[in-house]
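Undergrad: Just so you know, the sequences run in chain order A and B.
27 is the number that the numbering used here gives to position 27 of the first sequence; each next residue is one higher, with no gaps.
682 is the number that the numbering used here gives to position 256 of the second sequence; each next residue is one higher, with no gaps.
Among these hints, one or two may not hold up.
[To be verified] Going by beta-carbon spacing under 7 Å, a handful of chain A positions derived as facing chain B:
#, residue
1, Ile110
2, Thr113
3, Glu115
4, Asp118
5, Gly242
6, Gly244
7, Tyr293
8, Asp295
9, Gly299
10, Met300
11, Ser301
12, Asn346
13, Ala349
[To be verified] Result set (DSS-like, lysine-lysine): computed pairs, CA atoms no more than 25 Å apart in a straight line:
#, chain 1, residue 1, chain 2, residue 2
14, B, Lys510, A, Lys350
15, B, Lys595, B, Lys551
16, A, Lys75, B, Lys595
17, B, Lys544, B, Lys639
18, A, Lys200, B, Lys702
19, A, Lys148, B, Lys518
20, A, Lys200, B, Lys510
21, A, Lys77, B, Lys510
22, A, Lys72, A, Lys121
23, A, Lys200, B, Lys595
24, B, Lys516, A, Lys425
25, A, Lys75, B, Lys702
26, B, Lys639, B, Lys474
Treat the hints as calculated values from the structure; they're not laboratory data.
Heads up, the beta-carbon is just placed ideally off N, CA and C, and yes, glycines get one too.
This is what each chain is made of:
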Amino acid sequence: MKHHFCNIKNQVKLNLTEMKKLLAIGIFTVISIYGYSQKQVIDSLKEVIGNHEGKLNALDDRVLVNEGDLAKLNKIKVSGYIQAQWESYGADLEKTNGYSNTFYIRRARIKFTYEAADGVKFVLQPDFSTGNLALKDAYTVVNLPKLKNLTLWVGQMNRPNYDVEYSSSSRELLERARVTTTIYPGEREIGAKLEYNGIKIPVLLQVMMMNGNFTGTQAKDVDSRKDVMARFVYSVKLPAAGVGIDFGANHYFGSNLAKTNKYVKNSDGTLDSLNNAWRYLDKHWTGGEIRIYADVLGGMSIKGEYVAGINSVASTVASTATMAQKKASPNLYNNFAGCYITLVKNIGAKNQAVVRYDYYDPNTKLSGDAAGNAIYYKTWAFAWQYYLNDNIRLTAQYTMPKNETNASNPSDIKDNLFTIRVQAKF
Amino acid sequence: MKHIKIFSIMLILAVMASATAFSQSKITVKGSDTMVILAQRWAELYMKNNPQTTIQVTGGGSGVGITALINGTTDICNASRPMKQTEIEKLKARYNTLGVEIPCAKDGVTIFLNEANKVTELTLKQISDIYTAKIRNWKELGGVDAEIRLYGRENSSGTYTYLHDEVVKADYASTVQSLPGTAAVVNAVKKDVNGIGYGGAAYAVGVKYAKVKKDESSTGYVPSAETIANNQYPITRYLYMYLRNRPTGETKKYIDWILGVEGQRVVTEIGYFPVK
Chain A
1 MKHHFCNIKN QVKLNLTEMK KLLAIGIFTV ISIYGYSQKQ VIDSLKEVIG NHEGKLNALD
61 DRVLVNEGDL AKLNKIKVSG YIQAQWESYG ADLEKTNGYS NTFYIRRARI KFTYEAADGV
121 KFVLQPDFST GNLALKDAYT VVNLPKLKNL TLWVGQMNRP NYDVEYSSSS RELLERARVT
181 TTIYPGEREI GAKLEYNGIK IPVLLQVMMM NGNFTGTQAK DVDSRKDVMA RFVYSVKLPA
241 AGVGIDFGAN HYFGSNLAKT NKYVKNSDGT LDSLNNAWRY LDKHWTGGEI RIYADVLGGM
301 SIKGEYVAGI NSVASTVAST ATMAQKKASP NLYNNFAGCY ITLVKNIGAK NQAVVRYDYY
361 DPNTKLSGDA AGNAIYYKTW AFAWQYYLND NIRLTAQYTM PKNETNASNP SDIKDNLFTI
421 RVQAKF
Chain B
427 MKHIKIFSIM LILAVMASAT AFSQSKITVK GSDTMVILAQ RWAELYMKNN PQTTIQVTGG
487 GSGVGITALI NGTTDICNAS RPMKQTEIEK LKARYNTLGV EIPCAKDGVT IFLNEANKVT
547 ELTLKQISDI YTAKIRNWKE LGGVDAEIRL YGRENSSGTY TYLHDEVVKA DYASTVQSLP
607 GTAAVVNAVK KDVNGIGYGG AAYAVGVKYA KVKKDESSTG YVPSAETIAN NQYPITRYLY
667 MYLRNRPTGE TKKYIDWILG VEGQRVVTEI GYFPVK
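Kindly generate the complete structure, drawing on both the sequences and the hints.
TA: Okay, structure coming up:
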């Protein structure tokens, strides 16, 4: 019995040993399989990570390239505006034009600005209005090193004058004052300008040297002398009163070449002759400007400018003309004066009412019949603006020019003008 | 009689409609990312006490806020830099006002360094040299031999413009990684031992401030209530609110509250510094 019991005990022991062995083999196998599969999983994960790492690196490179391209694109700014309008004319204008009203694209401009580096800018602005493809602006602006607020402008640009420089897309009235469009034809000039725009001292100083005869077509100067224009503006702020005042002065000093015609008709109508031909005729004037901005029940501004001086016109008679012909078409000196005053009142955020009075006398020395066609104009303009949104502005304007009457112009010319304009700006 | 009745009903409806319209006023605030946490906190607290007023706050950067003010798409613009003359000219052209500038808090433009960085102090010139890549290695500043990694803001940011105009005074290096918001700059510097960034003082969590000194011979300061108040910290600036016109109605009440005790207490809580 005891032996039998021992046998059973030994058998159990043997079985236990076997079982332990089997268990050990089993665990080893499981661990091996698990380890193998784990290794496989890790290897496969490594492979996936490796693949993704490669993809991410490639993506990173592409992002860097794209960022570089985007940075270049960010330096280019494109803006512009289209002004489409309907005009209705007074009776005399209707006779002259042959129609009483018309649709009209007044301006269609795209402005490209490329900021090459900090303080270096290139500007190009063509106008595409119907039948009038023209280059308006083409200039470079460079911030002079170490002179943070001083910039040098070179190329074709606006003359330094408030009414000229104030963009047509922002201006409250549809056209500039008569005096501005007469003494600065085409607004632009080719030349170089230095501009100081003070930050701590609120001063704007502009000095421009230019060809002086530009009307939109001449690629080069027509004489050797250059014209110079200087402008100074000082700004005063009275924050507590919500008032800001800009005031300043400008002076134009230039000349026109008389070429082969030595006869000059003075402003007072007297005929003079230069010592000889190929002499320069003076062209100079001085202006004063003021703008008052006041926060009175919404924004309001009063803008005014007065300018007076001598403008000259070189005779266009052919060099081969006789002396009598030259005498009959002499060079001209005109003492002129002009001004404008504009009142702008914002009504809410979207509406604006505008009134302007402007005056221009092309020859202040002569009046009445003696003035001939050099008559003065006094013009009232009334406008209402509605800003539909950031991009669209609707304007209705009524312009009433009133001219001096004399023998040549016995009554007020019926040249009133009603305009409705839609401006799209981007 | 019938017409009188209809007219009376219409009049009552119109009065009720206008009363409803006026009882719920909405103020939109847009601009500086530096100020967005401050503006949101102001708005939350104000709306809690003035439930009839809704204040909508969004960031985007000072430049974005100023453009929105000019375009008429926001009532208040938050800006961490003063408006530029060109921007004021646009406001004058469109609204015939110079705008209203309200300094509502003070801030020190903070230079963020990773906590492991050995460098502790920088002069204004060194900051300029770092951000124009004239100094490229921490070794040149007494740190480890490692390339400096530059983090900054996008060009619509007022802080970007302020640091550029007042400290860097030249083109930023092309190696500056532009990030959308000060929080992103702080996060990048926190993760990058060799990183450097800048931004408003209220965001500096998990990074260290570099002491800033005017020049080699000056004492370095970190932005604090004391160093900001007495202008010891060299890159101290105002944070502004801009409006097109002088505020009236609910907008005026809100601004008065911001400039008052409660509003200025929020400034301190957020991590900026009161104007007074």
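Undergrad: Which hints from the list above does the structure break, by number from lowest to highest?
TA: Failing hints, ascending: 1, 2, 3, 25, 26.
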